[in-house]
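If you're matching positions, the sequence shown starts at 1 in the numbering used here and goes up one per residue.
Calculated from the structure, these hints are not laboratory results. Where hints are given, some of them may not hold.
What the hints assert, rightly or not - Here are the computed lysine to aspartate or glutamate pairs in the EDC-like style, where the Cα-Cα straight-line distance is at most 16 Å:
| # | residue 1 | residue 2 |
| --- | --- | --- |
| 1 | Lys283 | Asp272 |
| 2 | Lys182 | Glu213 |
| 3 | Lys70 | Glu50 |
| 4 | Lys10 | Asp385 |
| 5 | Lys186 | Glu342 |
| 6 | Lys154 | Glu132 |
| 7 | Lys73 | Glu50 |
| 8 | Lys239 | Glu263 |
| 9 | Lys341 | Asp187 |
| 10 | Lys341 | Asp188 |
| 11 | Lys46 | Glu263 |
| 12 | Lys296 | Glu313 |
| 13 | Lys345 | Asp188 |
| 14 | Lys46 | Asp74 |
| 15 | Lys146 | Asp176 |
| 16 | Lys347 | Asp188 |
Stated by the list, open to error - Derived DEER-like restraints, expressed as beta-carbon distance ranges:
| # | residue 1 | residue 2 | range |
| --- | --- | --- | --- |
| 17 | Glu106 | Met210 | 31 to 39 Å |
| 18 | Glu183 | Lys314 | 36 to 44 Å |
| 19 | Pro143 | Glu257 | 54 to 62 Å |
Ideal placement from N, C-alpha and C gives every residue a C-beta, glycine not left out.
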Amino acid sequence: MYNSLVTACKKSLEFQKVYFQNKRYFIPLEILSASCIVYYRLKTIKPNFENIFEIGPGSSGMSYFLSQYKFLKDYSYTDACESFYMLQNLVNMYCFGGEFKNFALEFIEDNFYDPETKSKAILARQKREFVETRQNIKANAYPWWKVSHLLSKKNHFDIVLSNANLQEFSSDCLHDYLLLSKEILKDDGILYANCLGLASNNTPESLFDMIYELGFAVYFYYSFNNIFYTNLDKLDCYKNQAIALAPACESARFLLEDSSFVERFSDIYLLDDFKNGEVCGRKIINTKELEILGIKNIVFIDDKPNLREKFQEKFKNLNFISLDCRRAIVPSLCLIKDTHKEYEKYKNRPINFYKMSCGLDEIDDLYIGCSNMDRFDILASLKNDIQKE
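With the hints as constraints, model all of the structure from the sequences given.
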């Protein structure tokens with residue numbers, strides 16, 4: 001995965017050199033790291049997929065990865081934002097070269113009409129010579145006014161990818177895109193949403209109402225704020241004892257709302273010298289109160305390494321355990337339609353919008369989109385590896 005990300009970053013820098021001649025070029029880490037996670041997640045869910053349609057590619061992060069993908073036969077996309085569409089055109093011309101076709105451009109004859117002489121001026125002056133070539137188009141850009149042309153590709157796509165926009169569509173537009181997706185997806189295809197977008201026109205509730213109404217089932221769904229702890233067995237040594245979770249951050253909710261976690265301990269507090277009150281009915285205490293209560297077990301639950309080191313040094317005379325905290329880099333929703341073999345299994349799956357969302361029966365890091373590396377470590381490593389070459 002990391003090597004693909006390095007290659008994509010290098011390609012982006014080369015693209016900038018060609019189209020934006022400057023001395024300084026930026027590494028679009030946020031865009032490309034998110035696209036990298038999505039790319040590998042899609043390859044895990046649909047191994048060796050061949051045809052993919054993307055709704056709203058934005059800055060075209062996926063193009064840097066799909067152009068590396070050996071099984072690709074058809075990458076089609078559409079967008080309604082003019083500035084993005086222009087950038088996408090440049091990126092895909094660079095990434096795919098002669099394998100890219102933009103359907104916004106009409107075919108032009110080898111002459112033009114002169115309105116003054118009412119004649120085909122160039123044709124009258126000279127004959128042009130042409131060579132017929134064989135096209136192998138892999139990337140197709142459909143402007144929004146030609147998106148209906150995709151209906152000719154019924155049951156064609158393995159994946160429809162929505163890039164942070166489902167909640168931003170008007171109800172009519174959302175309805176049309178969901179119906180289009182259902183028409184062009186293969187029976188076992190998936191509609192994968194990389195983030196639901198800003199809740200400007202639809203709420204999660206109204207979005208999912210329409211999803212169910214049109215015959216989709218939720219294969220899995222992770223919200224943006226999901227946090228995952230992978231080594232809770234470390235805490236077995238604190239069983240039936242009082243613990244203090246530190247600091248009093250939002251991620252504490254994901255533990256405190258899990259009854260199987262809470263039942264392990266005789267009591268649970270949250271430790272924070274800069275906050276007060278409660279989280280999920282558990283009191284926030286400061287360092288002085290910690291001493292008064294005689295609590296000896298500190299459980300660090302944040303994902304910031306520098307903060308962990310400060311807490312570890314401050315409470316070095318107490319029992320200190322740091323949980324492996326991983327955040328979902330990219331929120332994700334995966335839908336299957338009513339022709340999918342697993343539709344009956346998932347069609348009535350309950351969705352919890354604001355807490356831990358439902359997931360696949362077996363969860364792995366590629367599905368939840370987690371990274372073991374801090375983004376600044378990734379950036380430093382990327383810059384170093386790119387400069388080497």
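Hints and how they fare:
Pair hint Lys283 plus Asp272 holds up; C-alpha atoms about 10 Å apart against a cutoff of 16 Å. Between Lys182 and Glu213 the alpha-carbon distance is near 12 Å, which keeps this suggested pair within the 16 Å criterion. Of the supplied pair hints, the one linking Lys70 and Glu50 holds, its CA atoms being roughly 9 Å apart against a limit of 16 Å. For the hint linking Lys10 to Asp385, the alpha-carbon distance of about 10 Å falls within 16 Å, and the restraint holds.
For the given pair, Lys186 sits about 14 Å from Glu342 by alpha-carbon distance, which is consistent with the 16 Å threshold. With a CA separation close to 29 Å, the supplied pair Lys154 and Glu132 exceeds the 16 Å bound. Our distance criterion of 16 Å between C-alpha atoms is met by Lys73 and Glu50, whose separation comes to about 5 Å. Straight-line distance between C-alpha atoms of Lys239 and Glu263 comes to about 9 Å, which keeps the hinted pair within the 16 Å bound.
With a C-alpha separation of about 8 Å, the suggested pair Lys341 and Asp187 falls inside the 16 Å cut-off, and the hint holds. A distance of roughly 7 Å separates the Cα atoms of Lys341 and Asp188; the hinted pair therefore holds under the 16 Å criterion. Restraint check for Lys46 and Glu263: not satisfied, since their Cα atoms lie roughly 39 Å apart, outside the 16 Å limit. Under the criterion of a C-alpha separation no larger than 16 Å, the hint pairing Lys296 with Glu313 is consistent with the structure, at around 15 Å.
Restraint check: the Cα-Cα separation between Lys345 and Asp188 comes to about 14 Å, which is no more than 16 Å; the hinted pair holds. Straight-line distance between C-alpha atoms of Lys46 and Asp74 comes to about 15 Å, which keeps the hinted pair within the 16 Å bound. Restraint check for Lys146 and Asp176: satisfied, since their Cα atoms lie roughly 13 Å apart, inside the 16 Å limit. Note on Lys347 and Asp188: the hinted pairing holds, with a Cα-Cα distance of about 14 Å set against a maximum of 16 Å.
The given range of 31 to 39 Å is respected by Glu106 and Met210, whose C-beta atoms sit roughly 35 Å from each other. Between Glu183 and Lys314, the C-beta spacing of about 59 Å breaks the proposed range 36 to 44 Å. In this structure the supplied range 54 to 62 Å is violated for Pro143 paired with Glu257, their Cβ-Cβ distance being about 46 Å.
The structure is inconsistent with the numbered hints 6, 11, 18, 19, although it conforms to all the rest.
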